[in-house]
Every structure is written in C-alpha cells, then in structure tokens.
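Novice: Chain by chain, the residues:
Number of protein chains: 4
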Amino acid sequence: MTSPQETPPEALAGLDGFTIEVPSWAYGNSGTRFKVFTTPGTPRDPFEKIADAARVHALTGLAPRVSLHVPWDRVDDYERLREHAADLGVRIGGINSNLFQDDDYKLGSLTHADARVRAKAVAHHLDCIDVMRATGSTDLKLWLPDGTNYAGQDSLRGRQDRLADSLRRIYEALDPEHRLLVEYKFFEPYFYSMDIPDWGTALLHCQALGERAQVVLDTGHHAPGTNIEFIVMQLLRAGRLGAFDFNSRYYADDDLIVGSADPFQLFRIMVEIVSQDAHLPRSGVNFMLDQCHNIEDKVAGQIRSVLNVEQALAKALLVDTAALDEARLAGDVLGAHDVLMDAFHTDVRGALADRREARGLPRDPMAAYRASGYAAKIAAERVGGTQAGWS
Amino acid sequence: MTSPQETPPEALAGLDGFTIEVPSWAYGNSGTRFKVFTTPGTPRDPFEKIADAARVHALTGLAPRVSLHVPWDRVDDYERLREHAADLGVRIGGINSNLFQDDDYKLGSLTHADARVRAKAVAHHLDCIDVMRATGSTDLKLWLPDGTNYAGQDSLRGRQDRLADSLRRIYEALDPEHRLLVEYKFFEPYFYSMDIPDWGTALLHCQALGERAQVVLDTGHHAPGTNIEFIVMQLLRAGRLGAFDFNSRYYADDDLIVGSADPFQLFRIMVEIVSQDAHLPRSGVNFMLDQCHNIEDKVAGQIRSVLNVEQALAKALLVDTAALDEARLAGDVLGAHDVLMDAFHTDVRGALADRREARGLPRDPMAAYRASGYAAKIAAERVGGTQAGWS
Amino acid sequence: MTSPQETPPEALAGLDGFTIEVPSWAYGNSGTRFKVFTTPGTPRDPFEKIADAARVHALTGLAPRVSLHVPWDRVDDYERLREHAADLGVRIGGINSNLFQDDDYKLGSLTHADARVRAKAVAHHLDCIDVMRATGSTDLKLWLPDGTNYAGQDSLRGRQDRLADSLRRIYEALDPEHRLLVEYKFFEPYFYSMDIPDWGTALLHCQALGERAQVVLDTGHHAPGTNIEFIVMQLLRAGRLGAFDFNSRYYADDDLIVGSADPFQLFRIMVEIVSQDAHLPRSGVNFMLDQCHNIEDKVAGQIRSVLNVEQALAKALLVDTAALDEARLAGDVLGAHDVLMDAFHTDVRGALADRREARGLPRDPMAAYRASGYAAKIAAERVGGTQAGWS
Amino acid sequence: MTSPQETPPEALAGLDGFTIEVPSWAYGNSGTRFKVFTTPGTPRDPFEKIADAARVHALTGLAPRVSLHVPWDRVDDYERLREHAADLGVRIGGINSNLFQDDDYKLGSLTHADARVRAKAVAHHLDCIDVMRATGSTDLKLWLPDGTNYAGQDSLRGRQDRLADSLRRIYEALDPEHRLLVEYKFFEPYFYSMDIPDWGTALLHCQALGERAQVVLDTGHHAPGTNIEFIVMQLLRAGRLGAFDFNSRYYADDDLIVGSADPFQLFRIMVEIVSQDAHLPRSGVNFMLDQCHNIEDKVAGQIRSVLNVEQALAKALLVDTAALDEARLAGDVLGAHDVLMDAFHTDVRGALADRREARGLPRDPMAAYRASGYAAKIAAERVGGTQAGWS
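Residue numbers (UniProt numbering), protein chains in the order written: chain C, 1 to 391; chain A, 1 to 391; chain D, 1 to 391; chain R, 1 to 391.
Possibly wrong hints are sitting among the right ones.
When chains are identical, the list treats them as one kind, so a pair holds in a single copy or across two.
Derived lysine-lysine pairs resembling DSBU-like cross-links, with alpha carbons at most 35 Å apart [unchecked claim]: (1) K106 <-> K377; (2) K120 <-> K377; (3) K35 <-> K106; (4) K35 <-> K120; (5) K120 <-> K106.
Keep in mind the hints are simulated off the structure, nothing from the lab.
The shape of chain C in the complex, shown without the other chains:
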C-alpha cells in the first residue's frame, strides 16, 4: 500500500511537460435541446472566453492553450486575439470547424448529395486553415455531425465516398506543419446512421489521407460498455491517436466534467497513455477538454476538470510497473489487478498540492478560485451584450 505522504516528488515527474487544452465554448452557455440556462458573467466574445480560460491556467498551471471554434470565435483581428491570449499567459490551440449549424447542412455537409453543399463545407475548412495561419494553430479538428435519421434516407456507401473526396480536398489544403484531426461519434445529432460513427471509420479515412491525418477520441462518443482504453491503446499502436476530447458520460454524449462519472475509467485511460509514453509532449497527443457546463459554474467546472485529468495521470504514474510485469508473467490475475488498484486508491491530492506550491501555484485551485471573487467580478462587469453560446 502506498500512502500519500510516501508519494515521492520524482514519481510525478511525468507531469512536468503535461498540458491540457481547454475549449473556448466551455465558457459560454450550453444546454440540451430542452433549454439553455444562462449564468451571470458568461463571456460575450472570444476575448472574454480567453480571459476565463487564462484564469484556469493561472490557477492550475495546466491549461496553456485554448481551442477556438469557427465561426463562434470569429474575430476581425486574429493578431489581436493572439496577443490578448499571450498577455494573459495562454495561446491559441486547435481550430474547430462547424458543420452543423448552416441550414444547407440539414441533410449533410461533407457527405451531402449536392456537390454545391459539399464544396461549401470544404470551403469552410479553407477558412479555418486561414484562421490557423493567423493564430499559429497547427491542429484542424473536424467533427463530422453528418448522418441520417431514417433507414433508406440516403446511401450509406455513397456518403462514405463523398466524404472521402471532401476530406481529401481539405487535407490537400493543409500546410506542412498542420494536422487534420478527425473525430468520430456514435450518434447525435442524427439517429439512424452517423457517417463517422466509430474509430474504425475514422482510421480508414485517415489511412487514405496520409500521415498527418489522425483520430480524435472523444470519451463520450461510444456505445454503452465500450472499453475506451482499449481504443486508446489501439490508436497509439497504429500511430494515429491525435487528440482527446475529454468529458464524462453516464448515458449518451452527456458532456459532463471529465472524471466526474467514472474516475476509474479515466485512470485506466491514463494508464494506457503512460504505458506508451503518450503523456509526454513528444507524443503529439493533444489532451483537450470538450464539455458542457449546463448548470454548474463554468470557470470552476473547467478548473475541476483539468485537476481531475491531472489527478488521474498522477495516479497512473504511480503504478508499480515492475510489480505489474512480475504479476502478469506469473499469471497472477488478482495480484496484477491489485497493483493497479493500489495506484488508483492512493490519495495524490497532497502530493499534487505540494507540487503546485513548489511552482508558485495555489495548493487548492478550487478554493483559490472561490476566494478570488472572480465569479462576482465578471458577473458585475459583463452586463449587456449577448452571452456567448453555441451560435
């Protein structure tokens, strides 16, 4: 049994270069199809979103990058936005395209039967690539919401072929330092078929495109019961894990705070990550959040999220791999399981607080945030205008 006070600082050295990218949209309003509740202090523009994100980084030291979403985060002057971020100690991360809010996309975007609509959806990505150039981003993230609601509605095969063609056009427009990150999703917003429903489909398209096309694993985008850490392992083995979209789910794509629904699953995912050294910056895996904060405080929700990921990684780093290997070779099923559980049951919060303190960060970022009065401050300041949301 390892107890917290015994966690030697060097055991957590693997945390040193580890960072998490936060999504600009997590600071805006979100909700369900039934209702989007609002909160005082919600940002009205990308500058305010980045300010909130920077606050998360200032308190945790974990979140130096902010993903943007086009068109939600469209601004006239990206150079100004970039400087604004730099002034606040963060920078622009991946650029996310939007294929689900144009009336033309009702029946599909990159897969649409009409070449005009497909061209429009491709062109949108060329715009996004321009934003990448303007912001210094290297990751173009594409979640394809396309799908159908009724059997027979469209040709499943025809849609794949059209998708392959559209993706090729986008991939060819990338600069050499750019990556295309392709995200799959089991269902929603369509309910009979999705055009990229699983990692196998995403992988086939990436294989066809080239080495700079990689798969995004959103932890909420799988069928019930799916062993997600297995997919993490498999994509790493295939050299195609580009990024995570972290969040939690109990049922569907619930987009709850990562680590809130099944902390053991998050730990198991990080164990696979650590076992293939994918937590190290050189792996190129981008650890992003993609969540909603429908009813809870958004900035605090983001702080909680990055701390949860850090905690899971810290526990994964504590796994006694020598003991694990020994038990596995001996066929000691319970012994090997117990080695893993020993790390999971260890309370790393004290060690992480020590680590933060040593870096000039607050020991308890959640408490520091509450004590800071930031929530009240933005509620007082951000009056008037239109709160940002999914539009």
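Given the structure of chain C, go ahead and fit chains A, D and R onto it with the hints provided.
Specialist: Quick look at chains A, D and R alone, frame taken from chain C:
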C-alpha cells in the same frame, strides 16, 4: 400463411374505435442541441398547428384529437381554439405541462430544494387544469424533466419526498373526471439521475396518489435493450397504463417516427395491447404520438406515424390466438413464435386501403397528401411571424 | 481535503456492526458457457466450502455468514454442517433455491404452463424452508431464471399470473421469522423476456405477498447505464430492500469481483445506504456477495471482495454531510459534488488497517492470506473427488 | 404499394446463386452457463450432424455447406465424412478452430504471455489447415475468445503484439487458395477486455496479414445500438468482408435464430449487401449461421433460420432502386424511407413458395419438416451414446 387478399374485413374490426392522439408540437420546429432547422409552412400559432393536425385526421380517419402543451399553446380564448378544432373535425386532447423551460427550474421544479420554486411548478399545473376546463380535456400529462448531473449534487431521497408532496398538491386540484398521467424517462435533460427514471418509480407515485393517477409509457424513454412490451403488459396488469407516447429510437430518446426503427417491436407492443383488450376505447389507454420531425416534412411525418401504428395494430389483430394457445400449451416454442410471425409478415396494406376506401378516405393517405398541394399551400400562406417551436 | 492519517477512528464507527454474507458457490468452480476452468484446491463439498469461507472471515472479520444453495449444498446432516460452521467461527446465512437446472424447467418453473411443473418448483421451496429450519436460516432467496427466448413463445401476462400464484404458495409456507427475498434480472438465461426483469416487477409481487417479501438487488442485473443507487434509494424508501447481491459488471451479468469494475459506483451505492442508515444491522438489509471467480484464486477473490465493500462503506461514512447539505441548499452544484468526491478520493486503507489491527486481525488480509500457505495446503489436501461447481 | 402476387419471379433472380452455410454445432446441444438442456434425437457425432444439416438443405435448397468445428468434429477419416456429406447432397464448408476449451487457455491462447501456450494455439490452427486439406475447405475461421477480466490483469498492448505475431504464423501456413477469416466480439467469455473486440481491430490485423485475411461479422457481437449494416457497408468498401455469422440478439450474444429479434435489421443488412452485389457468389462473402437452439427443435430452428435469411434477401431485392435514387437526390427524406419500407412490408412468402415449388422443393419447408416425421425418427434411432455439444 395468410396472404393480404385473405385478410377478411371482420378480422380488422378491432380497429373500429381505435384512435391516436397527435401532439401540437410535432407540427412546429424541433431539433437537437446542435441546431433547429426550419421549414417553410411551419405553423406560427396553435390554430395553424390544429389545422395541420386536422389534415392528418382528414386523410387517415385515425387522429381525432390534438394534445396541447402549456405554455407553447397558450391562447387568449380557448373557447375559440376549441371551436376552431371542432370546425376542422378534431378536438383538444390531453394538456401537457412544461417543467423545463423556466430559469427557476435549472436545478429542479417539483423536486427543487426551494419551496418557492416547487410552489411555482405546482401552480403551473393549476393553470393547466384551468386550460383543461376551458378545452374539455380530461388528461393532465406530466413529464418530469427533473434530475441532477453530478453525484452528490442533491439528495436523491429528498427529491423523491419533495416530488411526492408536489404531486399530491396537483392531484388534489384535479376535477373528478380528470386523470393525472405521469411519464418516466431514463435520462435527458439531466445525465446523472432523473427523478422519475423508470416505470417502477412512476407507479409508486401513482399508487400513493390514487386511482386516477396513471403511468405514461414513452417508447423512447428506456435503457438499451429494455423489453417494452413487458412493461406494457405489467402496467395493464396493474391497472395503471394511462397512455403511450409513441416514437422510435435507435440510441437514446431519438423521437423518430414511430415504427421507423423497429416495426417488429411496435407490433409486439400492439400484440400485448390486443391481448388485454387495451386497444378498445373502454380501456382508457390514450395512444398518443410524441415525436420530432427535425429534417422531414412534418405533416407527412405525422401521417406516416399514425399509419404505422394502425398497421401494427392491424397485424396484431390478425394473430391466430387459438393456434397460439395450442402451441404454447404444447410447449412448441418455434410453433408459437411462427404463429406470431405469420401475422407480422402479412402485408395488411391492401386490406387497410380497402377499409379506408369503404369509409370515404383515400386509399393511400401519403399519396393523397402529396397530391393535395397542402405543403405548398401552407408554405405560401404562412409567411412572416415566428414559426412555432419548443418555446 | 481529508488525508488518510486524519481519518479519526470514530468516523468509521459505522463499520462496527456491518457484515457481509459470502456465497458457498463462490468457492466452487464457475465459468462461462464456453468453459469452466478448474483450480487445484477447489472444495469438493459444503464442508470444505464453509472452511474456505471461514478463512475469509478469520482474516477480515467481515464475513460471518455463508449463503447455501440447494441442491448444490445439500447434505445429509444439516446439524453437523451448522456445527462445522460454528466451530470455524461462521454461521449459515440465506438459503438459495435453484430453478434453472432441472430438465423440467426448460420452459419455466414457477411460471410454467404445466401445473405439475409449477407444483414441483413450489415444492422445491418447501424443501428449502426445511433446510432453513435445520440450519437456522431466516432468508429464503429466490432468483427466478424463468423467461422466454422468442416473441410469442408464451403469454407474458399468463406467466405473471402463474408466478403470482406460485409465489403465494411459497410465501404462505414460510415461518413467521422467515423472509422471502425476490431477485430480479434483466436477462440471461433467457433472451427475449424474463419474468422478473426489473425492480418494479419484483416490487409488485412483494406488495401482493406481504411485508416479509422483499427485493434483492443484484448489482449486475440491470440494463446498461442504469443508475443503481437510485434503485437502492427507492427500495429503501418503499421499505422493500431486503438484500444485495454484490458483484461487478462491464457488460452483462459479468459476476466479477465487487468494486473491480466501477469503484465509484460502489461508493455511490454505499452513500445511499449510509444516508438512510441501512448499513446498520437493524435495517435488516443483508449485504451478500454473488460472484464468480472463473480465472482468479477464489479465496483471495472473496477476501478482495469483502475488503472492497468495506472500503466503499468507509468512504461513504466519511462524507461531510453538514457541508453537503449546505452546498445543496445553496444550489452549489460543484460544491456538493466536491464534498462527495473528497470522501471518495480519501485513501482509507491505512485507517482500515489500523482498525483491523486493533481487533486482532491482520493489517493486510490479502498479504496475510498469501503468506499463510492456505492455497497450497488445500491444493495438496483436496485431491480426488469431484470439485464443486454449479451442479 | 407492392403486393405479394405482384412480385414478378425475375425480381427474385438475385436469389439464384445465393447459399447459406450452416454450422455443425447448431445440431448439437447448447445452453447457457446455467444449464444445457438435452433433446431426444440430438446427433452423437459429425456424421449425424451432417445428416441433419443435409435435411435442412433438402427441404430448403438453401444450405449446401456445413461448417465444421475442430476438435468437436474431429473424425478419423475425413474422406469418409466428405463422401457422407456428398452422398447427402451437401459439402464441408469452413473450418472453425477452438481457442476456448483447453485448460492452458485460461489466460489467453494466441495472446498468452507464455510462448509455449501461444505455440500450442498456433499449432492447433496448423491441424485445422490439415483438416481443410482433407475436406476441401478453403475458409479457416478464427474467433479469438481471448481477453481479460480485470483491469491491470495483462498488458492490452502486449497482447496485441503477441496476437499479431501468432496470426502471422497461421497466415503463413495457409495454402494459396485458403482464406483466414477473423471474427471480432464485443465481450464474453471475458468481461473487462477482449483482444479483438471490434471490426476496427479485426481489420487492422487483416491489413497487416495480407489480402486473404478477411473479417467475419457476427451479428450478435456488437455493443447495444450499433448500426451493423453500416459496418457491413464499410467492410465491403474496404474489400474485407469475408463472412457473416448470422444470429439474433436482444441483449448480448444471445445466439437466437437469425431474424427472430429484429427482422427489419436483417433486412437492412441485406439491403447493404445487395447494393454492393455482395449476395452474388462472386463476392466471396460466406453467409453462415452461428446460432444456438437451447430450447427449440434444432433442425426446425435451422430451417426457420435459412428461410428468414432468404426472406430478408428477397425483400432487399425488391427495393425500387430507381425510385430510391430519385428520392435521395431530391432530399426527400420520407420518400426515400418509404421506398425502403415498401419492400420490407411486402409479403414475399407466396413468391418464395412458388419459387421453391418450381425447383421441386416443398412450398412450406417448416410444414414439410413437421410432416416428415424426421424428428421422431432420429429420436427413436439415436439412442445411447453421448449427445454432441460444445465439447
């Protein structure tokens, strides 16, 4: 083997008094959290919704009632709405309350920790009861969207106790001819816990209230794999099946056209219904639709839906119950199954067309609708104003 | 943040009277339909099973009772078995009936269409009641495996009615101090319908029988995504939670070691238990294990299991209920969640080891078991004969 | 609307070369982990299994091949078995290996940490290849049951690497006319991880092996809600769909009669097949059954199964593809869906009976089987010996 031409008209006599209630909101716009697409011709007010619903009834003879939703269908003069419906050959059905769109309900309505919010949610139902009196409706339908997103967020037990108290206040306000229909849902719009997640919970509350409290079974509100016809049977056995909300699902509460995702399941449900004579008007079971038409034509979608339910019932009426009983008593597993499948595989469309023709209805309501020019007509007429949706 | 060394002994006082009942069959061989692997040292008879169970209790102090299964644990002299248990420091717990291994039960037992088969299944329970009298057991546990594989195979309603009649006959045969514990299961061994598939059905039958009929919640017997702690709460609220069958699942009724698949879920269940004082002996809730050890060491697997339950309960006892209530009343979603998570993240293993030591038990029962040589000893001694399994 | 009598014979020409392969083990006993029920007349050896299979072909004209399973179908003289089959009008189809019943495989076979066990599992396939040579089979089917029950039990990545190596050894041993068919499965017999859990993993291994490695899609081996026809389409598009294992499921790998649980899903699968001409013999797709008949008559169950597949294919052939394309191009969601449903709702049983009659087969194979007395005959003849099962 039964073939269509052999379906004797008397075999379908069980259809005679059978009706389906359509929801006013199916004629308005709906969508997902990602996007609500719009369609030309969408109604702007309850009068236009009822006009569309009446068209469904005129073409099918199956849908003489329209459910209203408060506040979406609030009007100044319910008497006028009632007459409008009567003029068009339909009438007002159940009244649906709304507990999910008020900012006060962010953390709950009938279950909220704050007595003020609970009182407001109860008072909303007293308003609905007034609408019932004004429209002649006898069914108050209550779907409780309340729930929590995070473990620990609230006391699961405390919420039940508060819910029981709120429901009692509503139940006591009903007139003697009124029923309270309580609907359960597995998840959404909350993702950790729902306060009425299953039929067992709905039933316990109905038992506590009294005989005029009954359960609503929405076919999309169950866990994956749930045997829904079993629940139909069980609620009928307990004397507590008040109504259906019909729709289809592949994944979650997809709210697709009933019968489009699993026509065999719909047939099995209707077999249980017929086996306990619950398709007959005297059973008191209200067969309602509750669907979305996010991407397809709404009026046509409703016509298809009521035809699908009729078709499933017609097939259920064809089951050779004598042969079934004989096979069951003999322990002939495949034989009994085959009796059921014989009815399912029978093509009843011709017999149903004959039946419609004999009643002065179009043989093919879908074709008649397309030929009627109604869609073009409402698209041309309904210009300006705000299209109705979930608000 | 609470750290392990700060866990004051009195915080864990709620563990004092808490016990777990272990199943005799966990010490025998089990497997899947594909293969039952064997292990040296597996018991050959109920006496050896009880010896193994007693070893679990000796090392943990948590498991003073052993459930028996009839006919697997049938012996000529129950008085001798009772004394054998007493000599080893344990006693006989609940008696489990078997309705799934007789050729007559192919199409059902208590629900069978043939009255002769139903009478046989009822009579088996009268035998079990005799075993209860002979062993001093007060819990008759009935898991109904009955169901059908094909739609139409039998009347769902007819089976309920026959079941109700059979259960009544069993219930009437109980002595006044006896309870009937009725267990539900989502699916398996039948795959179209189960006759008691959910807690609602079990509850309806218990309500019809009387107050000494209560529901058994097996943690592996639900649909994917089911919120089990909600059902725990609801059954406690209804006064009908008789017992648990603890185990873990990822997919179906996997029957893995409790706490191994989702330790946070087990914690949440224990939080509901503690919040209604159901962990106290006076609650009457029987906390049982029902697991398989297909590939791991069985005795060690049982030790791990009871420790996992103890750990989850210990964490649940640490929840700061005053802080929780305060956050809930304030509508502080994240604050309330964090109070819960603080308890979950606390490493209680040291405090539990201290507690064991103070009671004369080994600090680390797993290590003590490995060091004891018991596994080698029984492997050497138990040679010849037929290893016990599910027959 | 198409009605049965209008189905022109030429519409069903696509059935002409279509065949289904039946599994020898479907004629033996099977069951769940709880019980294997027996039936009089169950075959005692491979010769009797083939006799039963031949009866299915004689009555339906659809099932000219029988899959064998090694070691269950091991015989001394494969030439004699081959002649026996030929005498009865059928031939030997694919050879299935067995990696789940040797005590050595408790923790894995092709993935085992111990090279000795892996070599044994590879060697078993060399034996199977010898059986292929002796029987003229060209398909080696490999279902990998390997997996783990507990997180940490073994290295997920290490198991993949060992699997890749083992598969390569097997693939290299194939003759040029042989194929390796690799089957994936979501879960069971292991419950934490499976080593080939999904089509993506199977495909990656096939890609690494070479063109004669193809994927087997078992319709019962997916997560709840999975869109199986999408995977069919995708594997065909990738040129890697080698075979089907047809069966039905409501919950897990229920192995019920194909088409009994969701006939609309089976139809949708056949629609994808037809749309890519994969029903034609030249496609190389082997349409196999893999089912259990735990409680129903086995030979009748197999007849029902092949008829269900034929019926689904017949309906798929009736889809009006011109109308479908037109509706799809027009973006007519409901119109396209209705074209598909028109084919599904058509009762093709009469047309199929006509077709059988024209080929000298009984119009109603189920009735012919019942009338034949075959079940009574084999029950009378097959007395003594050991009934075949999964061992």
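Novice: Does the structure break any of the earlier hints, and which numbers would those be?
Specialist: Of the numbered hints, all hold.
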